[in-house]
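Visitor: Listed below, chain by chain, are the residues.
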Amino acid sequence: MTSGLGAVAYCGFCGKASAEADHSACASRLGVIDPPRFCAECARRMVVQVTPAGWTATCSRHGEITSAR
Amino acid sequence: MTAAPEQVDVLGVAREQVLEQGVGLSEEQVLEVLRLPDERIPELLELAHAVRMRWCGPEVEVEGIVSLKTGGCPEDCHFCSQSGQFPSPVRSAWLDIPGLVRAARQTAETGASEFCIVAAVRGPDKRLLSQVRDGIKAIREDGNDIQIACSLGMLTQEQVDELVDMGVHRYNHNLETARSHFPNVVTTHSWEERWDTLKMIRTAGMEVCCGGIIGMGETLEQRAEFAVQLAELEPDEVPLNFLIPNPGTPYENYPVVEGPEALRTVGAFRLALPRTILRFAGGRELTFGDLGAKQGMLGGVNAIIVGNYLTNLGRPAQQDLDMLTELSMPIKELSKTL
Ligand code: SF4
Ligand SMILES: [Zn+2]
Ligand SMILES: [Zn+2]
Numbered sequence: 002m003t004s005g006l007g008a009v010a011y012c013g014f015c016g017k018a019s020a021e022a023d024h025s026a027c028a029s030r031l032g033v034i035d036p037p038r039f040c041a042e043c044a045r046r047m048v049v050q051v052t053p054a055g056w057t058a059t060c061s062r063h064g065e066i067t068s069a070r
Numbered sequence: 019m020t021a022a023p024e025q026v027d028v029l030g031v032a033r034e035q036v037l038e039q040g041v042g043l044s045e046e047q048v049l050e051v052l053r054l055p056d057e058r059i060p061e062l063l064e065l066a067h068a069v070r071m072r073w074c075g076p077e078v079e080v081e082g083i084v085s086l087k088t089g090g091c092p093e094d095c096h097f098c099s100q101s102g103q104f105p106s107p108v109r110s111a112w113l114d115i116p117g118l119v120r121a122a123r124q125t126a127e128t129g130a131s132e133f134c135i136v137a138a139v140r141g142p143d144k145r146l147l148s149q150v151r152d153g154i155k156a157i158r159e160d161g162n163d164i165q166i167a168c169s170l171g172m173l174t175q176e177q178v179d180e181l182v183d184m185g186v187h188r189y190n191h192n193l194e195t196a197r198s199h200f201p202n203v204v205t206t207h208s209w210e211e212r213w214d215t216l217k218m219i220r221t222a223g224m225e226v227c228c229g230g231i232i233g234m235g236e237t238l239e240q241r242a243e244f245a246v247q248l249a250e251l252e253p254d255e256v257p258l259n260f261l262i263p264n265p266g267t268p269y270e271n272y273p274v275v276e277g278p279e280a281l282r283t284v285g286a287f288r289l290a291l292p293r294t295i296l297r298f299a300g301g302r303e304l305t306f307g308d309l310g311a312k313q314g315m316l317g318g319v320n321a322i323i324v325g326n327y328l329t330n331l332g333r334p335a336q337q338d339l340d341m342l343t344e345l346s347m348p349i350k351e352l353s354k355t356l
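Chains as they are written, first to last, in the numbering used here: chain A, 2 to 70; chain B, 19 to 356.
If you're looking for bench data, these hints aren't it; they were derived computationally from the structure. Heads up, the beta-carbon is just placed ideally off N, CA and C, and yes, glycines get one too. Treat the hints loosely; a few may be bogus.
[Said to hold, decoys possible] Now the in silico label distances, taken between C-beta atoms and shown as ranges: (1) A/E21 <-> B/E239: 31 to 39 Å; (2) B/D160 <-> A/E21: 43 to 51 Å; (3) A/G64 <-> B/A68: 49 to 57 Å.
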């Protein structure tokens, strides 16, 4: 499977479907004080490693994403 | 005494007692400070800053922190997203040695003098300690002479000795909250067990880093109690965290500590602990935003974690370094901490 770029099906903070709930509270934390915890494509909990200058988050099916910085 | 009661003002007393004599406030006095109205916060912060400048100096200790072992902890600290007892989204992870070396290098590159290796455990086992030993060795082989601190939970005497042997110069172990409130926050171990570990660290000659989290349902009285309990320990450093209500934890719906209340707490803790390194740790982004960080640095704080935390993100290190430049606060150099 290739990852569908831009297709954010699930919220990385709460893991619920993007279209399903109000994610404004999630948005105020995600990327600000929280790395993503749930895969945007399948909502699996990811293994996340935070380091002083960034983070990596790995979904067992969809692979690794990392912070820009 | 002839003075009318309203003239015995706690900040006036603190000016003489703490600023001039270097004697920290008592529990009752800390409580009075915590009850000061918002209008008096600027005056409190100004005094706390003067105390810090007088008894600690203008330097700021810059530190980095990394999680060597994340999640899956058997303990039940109710604030913690790394406890395995709650349905938190944080999954277990181990950082490998190259990752640890990289994290230490990133920290040193910010000008930090201190790098703290943290593991989410009740206490370290053989595997964890050997990972720490290998990690420290690899950091040194990388040409990085940053000071190494560890935070690996409760220790036995043997483990304390082992850490000293590895060259760990400071150990972090937080009492987290007032003794009277601790049983509401943690049920799997006691405040006294933590205290015992802290005493062993001190006796072994390591620096003691011990603080806690504000905003876990403690009363103002308990905040004051906590401040003087810390003072009794005489820690070299006190990290002050503000609760980040993490999903899945029992405290997920607790309110974030408001800026003015957080600033009052910072000021009060500085007046209780005139000589300690008072460190801004987790939660400041949520509680203060960008503006408050500066107010805190001008209100008694003299150490800061730059970059990310263990499971939460901080603002980019450069933003904090720029802030220190703007405030004309020099970064404590490595050589001066030796
Ligand atoms: S011992 Fe540490 S890692 Fe474990 S639950 Fe408590 S605070 Fe979290
Ligand atoms: Zn969400
Ligand atoms: Zn996935």
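Visitor: All hints are to be evaluated individually against the structure, with a verdict given for each.
Guide: Here is how each hint holds up against the structure:
Distance hint check: the CB atoms of A/E21 and B/E239 are about 44 Å apart, inconsistent with the given range 31 to 39 Å. Between B/D160 and A/E21 the CB atoms are about 47 Å apart, so this pair conforms to the stated range of 43 to 51 Å. Distance hint check: the CB atoms of A/G64 and B/A68 are about 54 Å apart, consistent with the given range 49 to 57 Å.
In the structure shown, a violation is registered for the earlier hint numbered 1 alone.
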